[in-house]
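Student: These are the residues of each chain, in order.
There are 4 protein chains.
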Amino acid sequence: MKPEFKVKSINFKRKVEESFNRQKFMKLINAKLVDVKPGYCEIHVPYDLNLTQQHGFFHAGIISTVADNAAGYAGFSLMEENSSILTVEFKLNLISVGDGEMLIGKSNVLKNGRTLTICRSEVFIVKNGIEKLCAASQSTLIELKNKSDKAKKRGQVYH
Amino acid sequence: MKPEFKVKSINFKRKVEESFNRQKFMKLINAKLVDVKPGYCEIHVPYDLNLTQQHGFFHAGIISTVADNAAGYAGFSLMEENSSILTVEFKLNLISVGDGEMLIGKSNVLKNGRTLTICRSEVFIVKNGIEKLCAASQSTLIELKNKSDKAKKRGQVYH
Amino acid sequence: MKPEFKVKSINFKRKVEESFNRQKFMKLINAKLVDVKPGYCEIHVPYDLNLTQQHGFFHAGIISTVADNAAGYAGFSLMEENSSILTVEFKLNLISVGDGEMLIGKSNVLKNGRTLTICRSEVFIVKNGIEKLCAASQSTLIELKNKSDKAKKRGQVYH
Amino acid sequence: MKPEFKVKSINFKRKVEESFNRQKFMKLINAKLVDVKPGYCEIHVPYDLNLTQQHGFFHAGIISTVADNAAGYAGFSLMEENSSILTVEFKLNLISVGDGEMLIGKSNVLKNGRTLTICRSEVFIVKNGIEKLCAASQSTLIELKNKSDKAKKRGQVYH
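Chains as they are written, first to last, in the working numbering: chain A, 2 to 160; chain B, 2 to 160; chain C, 2 to 160; chain D, 2 to 160.
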């Protein structure tokens, strides 16, 4: 289930880091890009009261953000130098409440097609140093060739 | 597709508002609970650079937060006074980029079962005053009877 | 939520019917293509003991077949004359058991993009003449341009 | 990702086999229950022209049947002797066309909760003896305690 992937851009790591750093929402929630390998990405978000739902746990919106973004960058790591990426859709199961000091999102590419890429993510909640499965998702991503990830295209349509 | 629902708690509106107001993440992203009816909820989030992805548009994590939260409170409006609610899972299609001045999430209950409730949400992006479909989701929620929405239950498991 | 669509092929109806008739699995389960409009499709499957699960009701596999196929042909109705279509993914909620004399699947296109099309389907179970919501799904379809729907391409990859 | 599970019924294997054998749709499509372990199930379906879509490949409805049923019985293997099971929902990505001589569905339980169970399935297509990933799904199942899997409950609601 974890095939080895060949990258199409030798700068895949820098490309992913630069894109991640341009996402101001990642800064707002203090998310860290912890690992990027071909077809793999890991993102951490430390607990903060501002990120919580009604019971004081991580909000499902943060959990899905971590799952979606880990998937997006796992997929982006395999795309061409001049491609941009968009999430087509994802499905997320919430498995345990986000009760802990850190969220860890890990995503692996299942299939890297010419146009579409499929990923599976797991989000773990760390409490007292112990990782527990918090959520699991499955995502479809689309590669937009010759569309810079930097350019702001007003009025752009997803796919 | 939009059946009429009978509420089980006459305080359903206040119950939803109080729960929404306890979610600190809603404050962080400046989300407003704009409408609550039996089996329906509407949430607005104004544009802010802090909520953006790499192209300066609303981040998919914010779009999914709006879809998920609208679904959760549409479902919660139909639950008993002493019930708590959790999202079991949801699936979201991103349909247009979040390029505009406001996100509007609207969710309707499709089926309110004894244990599980199914909702469909649409998220619209408003640009120059024109609403455009930005995302569509389908969610499964679980009603936890006799579990106060206020209580913080450390170590709690979802379902 | 039900925008009007312009067809790209004036033969859209015949194209859908011919494709449906080439699906031998539709014959096996005695499925009928009952209605095709631009962006809409309706499929019926009468009860048969051969289509049941352990309690004697319609099997979830038949319910998902009806939801997926209605979505596929709702989307296909809007595609170009020389395009083929494939389902990228779908998500289905089973809402009531398939206890009745007929399944009715209805699907509407939510968004017809250049490459991807998003549909929502509902499957109803008819018992003693009364329709009840049995399942609801949301699907992503891909248009393969200049790939005949008739050609059998051995070794073909989805997308 | 593949935790070890303790069964609650020592007859789990027989229970799964008997339920599978009561599903007349499995007989129609000539599906074989090939392996059942605690939290795991494997189902095979040999190629037959009656199971095909318009290009002569396995129909997506068959692929989703295999994914859903493998998930259902993986979950059922962990449930109590007197419980019944229903699929709440599933999401399936179709990854390669079903072009081959056999479909193999394998499913693993990710989380076995008190009420809900989450599974991930993979469906492989075998061509000339080589297995290739054809589809991947994620499912939510519900355990109905003290509801015999054999009883036919007319008018029953899912959850």
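None of these hints come from the bench; they were simulated from the model. Among the clues, some could well be false.
Treat identical chains as interchangeable: a pair holds within one or across any two.
[Unchecked claim] Below are the BS3-like pairs computed for lysine-lysine, each with C-alpha atoms no more than 30 Å apart in a straight line:
no., residue 1, residue 2
1, Lys-148, Lys-133
2, Lys-128, Lys-112
3, Lys-14, Lys-133
4, Lys-128, Lys-7
5, Lys-148, Lys-25
6, Lys-14, Lys-151
7, Lys-28, Lys-133
8, Lys-112, Lys-33
9, Lys-151, Lys-128
10, Lys-133, Lys-112
11, Lys-133, Lys-151
Student: Run through the hints listed earlier and report the numbers of any the structure violates, in increasing order.
Tutor: No numbers; nothing is violated.
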